[in-house]
Each structure stands twice: as structure tokens, then as C-alpha cells.
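Asker: Okay, here's what each chain looks like letter by letter:
Number of protein chains: 2
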Amino acid sequence: MSAQTLLATPQIQVGGTIPAHDVKELAPDASSTLVLKGRNIIVGVPGAYTGTCHAQVPQYLDAYDEFKAKGVNEIYVVAVNDAFVTKAWKENLAPKGSNVHFIADDKAAFAGSLGLLFDGTPVFGGPRSKRYVIVTDDDKVASLDIEADPGKITVTAAKAILSKL
Amino acid sequence: MSAQTLLATPQIQVGGTIPAHDVKELAPDASSTLVLKGRNIIVGVPGAYTGTCHAQVPQYLDAYDEFKAKGVNEIYVVAVNDAFVTKAWKENLAPKGSNVHFIADDKAAFAGSLGLLFDGTPVFGGPRSKRYVIVTDDDKVASLDIEADPGKITVTAAKAILSKL
Chain A
1 MSAQTLLATP QIQVGGTIPA HDVKELAPDA SSTLVLKGRN IIVGVPGAYT
51 GTCHAQVPQY LDAYDEFKAK GVNEIYVVAV NDAFVTKAWK ENLAPKGSNV
101 HFIADDKAAF AGSLGLLFDG TPVFGGPRSK RYVIVTDDDK VASLDIEADP
151 GKITVTAAKA ILSKL
Chain B
1 MSAQTLLATP QIQVGGTIPA HDVKELAPDA SSTLVLKGRN IIVGVPGAYT
51 GTCHAQVPQY LDAYDEFKAK GVNEIYVVAV NDAFVTKAWK ENLAPKGSNV
101 HFIADDKAAF AGSLGLLFDG TPVFGGPRSK RYVIVTDDDK VASLDIEADP
151 GKITVTAAKA ILSKL
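Line order of the protein sequences matches chains A and B. Residues in the first sequence are numbered from 1 upward in steps of one, following UniProt numbering. Residues in the second sequence are numbered from 1 upward in steps of one, following UniProt numbering.
Same shape as in the complex, but just chain A:
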């Protein structure tokens, strides 16, 4: 799909089904779909190594056990970056490893199918994911929070999401 088609997709709503799009985790040549059984957290971020993402994502790494205690199965951080970059970013943020998944949506197809892209061309060179958090019930959207300003962390802070579970 072209960037224009991706950017024009209507935004997913609470109750909607998360499409099974191929994404990559760690390996650039292996694709699979997210495993969405029960309650999961999807954290959409504009880009690896941006200042805001670099501050937000560690909240989810640090609160992993708290999310698990609230019945969360998996946490996925999804960025429109290639898998070399998301892998390096995870190693940078979690040098001792983490059970949080760092997902490369390298064609913007996943965020695009959710209608959660913005045109990041001036800063990033192309479309990027809005900053959002989805809580899933299997592959259904149980809640959706989007930062009006992707440079801020308010409704998508780990504490804000935890307080809703």
C-alpha cells in the first residue's frame, strides 16, 4: 500500500478487531503476527531513539511485573523502524534483556491498518505511528489511548494504563 493509502485508513475504535499483519521481532528476515490471547498491551511509538520514546518505553520495561500481576500476557512496543534498529534499541534500553517485545513495523502496515499513522515526513522522512496504547482482549480493542501531541507522555504513560487495568 502507498503511504497515502495507509495514512487515509480510518482509525480503529474500541471493540474493533486488530488485523493480523506481519511484523518483525529482532530478525529482519522473519515475519509473524502478534500473539494476542487474553489481555495484552500494544504501545505504538513514533520512532526508536527519539527523546520522548526513549523516556516512555522504559516505563513499560520497569513496570513489566506490575502489568503481569494485572493479568497482562504480553507487552509489545511497536515502531515504524526496521528490525536492525528496533533490536539495537532494545539492547540499548534493556541491556540485561526484557520480556517486553520490540516490534519492527517496517512497512508501516500494522499501524496503517489501525489508522494510527501520521505523516512524519518533515522529521522522520515518512509516515510514522502515532503515540498510542491499546489494551487488547484477545484481538479486540478493549481500550485505546492516543497522545494528541506525540511529543508528550500523558494518557500513554505506563502508570496511566496500569490504573485502568
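Hints should not be assumed to be uniformly reliable.
A pair counts as met if it fits within one copy or between any two copies, since identical chains are not told apart.
Cross-link-like lysine to aspartate or glutamate pairs, in silico, EDC-like; alpha carbons within 20 angstroms at most [to be verified]: (1) Lys96 with Asp62; (2) Lys159 with Asp62; (3) Lys130 with Asp65; (4) Lys130 with Asp29; (5) Lys164 with Glu74; (6) Lys152 with Asp29; (7) Lys37 with Asp22; (8) Lys130 with Asp149; (9) Lys37 with Asp139.
These are computed hints drawn from the structure, not numbers from a lab.
For this one, chain A is given, so just place chain B on it according to the hints.
Answerer: Here is chain B on its own, set in the frame of chain A:
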């Protein structure tokens, strides 16, 4: 320009003029053109944090003084990545800093205008720069070496380029 248009551009030849395309260095919101006075080295790489680039680029960091001794003014490492990623990559490879410039060609416009892109969609999600080295004489191409296999470092090794200067 669309990815298809960029990928279809004829490859630049020795003697050709390097187009003055805006690229970014370190800051994602500030663009400028490469300064090409006298002899310069442009190292095109497919992507930050890939295994091969992560092995090749340090050769140029390590050999910076040798290049300077041979009359090279500037060394530019140019990747089709955003400026957040190229900045992080430089800090990773050169934690003490370096005079080698890490350039974000985030819209693939620079490599595209040189006809030096390949379709990296399966691995990277979109078009990427071939692995090449241009030696410039002002903004003219004095020599051009391209790896037939972008996963190998042969004609674009720093030693190979140094031996030609």
C-alpha cells in the same frame, strides 16, 4: 518522489555531478546539503545497525587521520535512516566523538538522485542505499565503487579506498 521513481533513476557515473540534495546531520528538524569542496569521501550504507555496516563504518572512523593525510576534507557516512537513528548510531560507534559525519538521508532522496538505491523492502521495509564509496573532486564524482553484494566489504573497505588516493 515515489519509491518507484527513486529506484528507476540511472546510476551516476565518474565525472558526474553530485546533486545538492537536502540531508540531515544529527538534528531531525534541520536540513542542509553536503559541503563538497576539494576531495571528500561519501560512504553509502544500507542501514544503521546492520551487521555489515557496523563492521565497515568503524574502518572509516579508525582511518580518519590517514584520509586527512591524503588530502580528504570530509568523510560522510550516508544512510537511509532517520536522524534520530543515525545520531544514536554514531554515539554507539564513536562514543568519544568523531569528525566523520553521519548523515540521515531520511527520504532516500540523496541516494535516489545518484541512482544508488536498491529495493530493500523484504528486509528493511523500503528502498535503501547500495553499499558504495564515492571519492569527490568538489561536487564531481572522481571514483565510484559499489559492492555487488551489499552484505560484503571488498571494494568499499577503507583500505581499498585509501590505496587509490
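Asker: For which of the previously enumerated hints does the structure constitute a violation, in increasing order of number?
Answerer: 3
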